[in-house]
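A.B. asks: Each chain, letter by letter, is given below.
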Amino acid sequence: MRVVAALSGGVDSAVAAARLVAAGHEVTGVHLALAEKRYAGGGRGCCTLEDVHDARRAADVLGIPFYVWDFAAEFQETVLDDFLAEYQAGRTPNPCVSCNQHIKFAAVLDRAQALGFDAVGTGHYARIIDGQLHRGVDPLKDQSYVLGVLDAAQVAASMFPLGDSHKSQVRQEAADRGLLVADKPDSHDICFIPDGDTRGFLRSRLGGQDGPIVDAESGETLGRHPGAVGFTIGQRRGLNLRQPAEDGQPRYIVDVDVPSNTVFVGPPVRLRVTGFDVDRQRWTGQPVVCGDVEVQIRAHGEPVAAHLDGVTVNLPGQLSGVAPGQIAVFYDDTRVLGSGRIVRTV
Amino acid sequence: MGGVHYLDYAATAPLRPEALAAMQRQWSQVGNPSSLHTAGRAARRVVEESREQIAALIAAKPADIVFTSGGTEADNLGLKGIAMASSKRRLLVGAAEHHAVLDPAAALAGQGFQVDYLPVDALGRIDVDYLADALSDDVALVAVMWANNEVGTIQPIDEVARLCRRHHVPLHSDAVQVLGQLDLDVSGVTSVAISAHKVGGPVGVGALVLDRNQAVSPLLHGGGQERDVRSGTVDAAGIAGFAAALAAPKVDVRPLRDDLIRQVMVTVPDAVLNGDPVERLPNNAHFSFPGCPGDALLMLLDAQGVAVSTGSACTAGIPQPSHVLMAMGADEDLAGSSLRFSLGWASSQSDVDALAAALPQAVERARRAGGRRRS
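Top line first, the protein sequences correspond to chains A and B. Numbered by this note's numbering, the letters in the first sequence go through residues 16 to 361 in order. Numbered by this note's numbering, the letters in the second sequence go through residues 13 to 387 in order.
Please keep in mind that the hints were generated in silico from the structure rather than gathered at the bench. Each hint should be verified, as a subset may be incorrect.
[Stated by the list, open to error] If you anchor each label on the Cβ, the simulated ranges turn out as follows:
| hint | chain 1 | residue 1 | chain 2 | residue 2 | range |
| --- | --- | --- | --- | --- | --- |
| 1 | A | THR327 | B | PRO302 | 43 to 53 Å |
| 2 | A | PRO227 | B | ARG101 | 53 to 63 Å |
| 3 | A | ALA314 | B | GLY122 | 44 to 54 Å |
| 4 | A | ASP272 | B | ARG101 | 35 to 45 Å |
| 5 | B | GLY216 | A | GLY316 | 28 to 38 Å |
Beta carbons: idealized from backbone N, C-alpha and C, even for Gly.
Looking at chain A on its own, in the form it has when it is part of the complex (with noise of 0.2 Å):
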């Protein structure tokens, strides 16, 4: 098959175009310029180069072609709108996602199919198996959480030739083939932002005004905050609160009020949940309208017991720290078979 192997200048996706190369195929590597500040700012300037470096060097040692491809409008339009669009709904978005779901298995799938290639390969941690996208055999590694937006039509068309690995065979393979990026360190951060101040970067966008932290419990305002954009349901740090709770507990933000500005803190025990209700549900095979699944709500949480119901998940058990705009995927054992992002909780 004729491959379009993303490169992003890491190990992952180093060895996945390696071992699409090795399986047979014809491999052509592409690396995305997505943030456009940071590639095509001040004319011809470009930033990131260390990474589109090593990208193209991989592909060097693989004796693949490779191209770099300029997908910064569609990123800014689609997934860099939402991200900001959603954390001032008072959401809390996963840009990742988004942008497997927008950019790479959409537009980039799209462009590559319309010059003649067959499927996007990417390295990703997750299997394809007779059709159907599981969970990557490293349990510490497993990104089919970001994959769960993916339609039965990208799935068709995605490989991922890295899901039956652990990461430390992937390093040692890639030092085996001589890849220069085997000791590179994970990258964890959001690519856009990467200083990892995403309540900074936000306030950057969208300005912010600083207003009341709130006991959820008394009203009684306990300190101020510097904008209530960027703040997550569930998160205890960087509240600066100095007066301690009562019961000596510690307090989480327990819910944002963007509109009114307010962050609004309690005890752990607000944060539980027993469901929610999801909207733009996505499924990689067949819609689940009511049945027991399996749900996750982090890139690399746990997945807990779930009753689906249309668009809303009850849950057994319970759930803390669910934040609208977290994206539920719903597992059925290492199978994924779709997801929907959280509106409301209850």
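Start from chain A and add chain B according to the hints.
C.D. replies: Below, chain B without anything else, positioned relative to chain A:
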């Protein structure tokens, strides 16, 4: 060309065998041209004979030639060297110049110079009337390229030079793409940048052909090897290769280029030829393919063994909308859908035929990719 149909001579040309032979001869000799002993004198002799040979081929005086590390350094020396040595603080610079001219001009703007850009028309030709109005005695330097590196349009450099002389303003011209393509006569222009590798010489060798009487500030200070204007050990082998490449028999690629244009127009009827259809470099063809992202076309042709260029890409390799086409009034879509084909001494009919054979499917696929959008 080893299975590759190379249509990107404007980026760099394959080394001419004459240049390789001249360089091999010199590489096997020891000697710094600045040394006073026999070995040094032998190297010096090679450099000076090469200088005379090059000068004779472009109607320059040998003493005018300042060897540099290439076209970019020559442009930087022409722009910054002349501007810094001038008491005047205004520059007139063509809007569609190569970045080796635009960026030094921008750097000078950051150091207190006023830079005015000279517009070009839809064919990429400089507006001479605009220049005539803009010229005055307070101008330190005019920079207008001899011919455009992307669209190939030849500038009315004689007229520009005449206007500059009338105002006693020095003129710098980037002739990197012209050398070897046209009979270059630099005698009326103060400062001319040329480069070896575009004519089949080595990369890393170029020259500024600079009027002996023009005041100029050096950019590289040191031993003062080149006329006290440019320091650094003189590359005798590279310079010998430059002269040998330039002196090698001329190859007229105009008929082949004309056939390339004809075949492109036949296979892709809505292709738009950019630049001046008549007053253009004889080895250049530059097209926009409406609706086709240029980078997609490049990739598809590359996969078929046909090497072409989208014009300019940033360091990361992202194609940028051509500032040349934008200056010519093209919209961003047209500017982003263009390809440059350039020929040279080893080009053959089979290269052009391979392009014509690969182009229709590439255009069709690129057009689909350009019209993509998943809802």
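A.B. asks: Hint by hint, say whether it matches the structure.
C.D. replies: So, going through the hints one by one against the coordinates:
1. As the Cβ distance of A/THR327 to B/PRO302 is approximately 50 Å, the hint placing it in 43 to 53 Å holds.
2. As the Cβ distance of A/PRO227 to B/ARG101 is approximately 56 Å, the hint placing it in 53 to 63 Å holds.
3. For A/ALA314 and B/GLY122, the hinted distance range of 44 to 54 Å is satisfied, since their beta carbons lie about 45 Å from each other.
4. Between A/ASP272 and B/ARG101 the beta carbons are some 58 Å apart, a value that contradicts the proposed interval 35 to 45 Å.
5. Evaluation of the 28 to 38 Å hint for B/GLY216 and A/GLY316 yields a failure: the beta carbon distance comes to about 56 Å.
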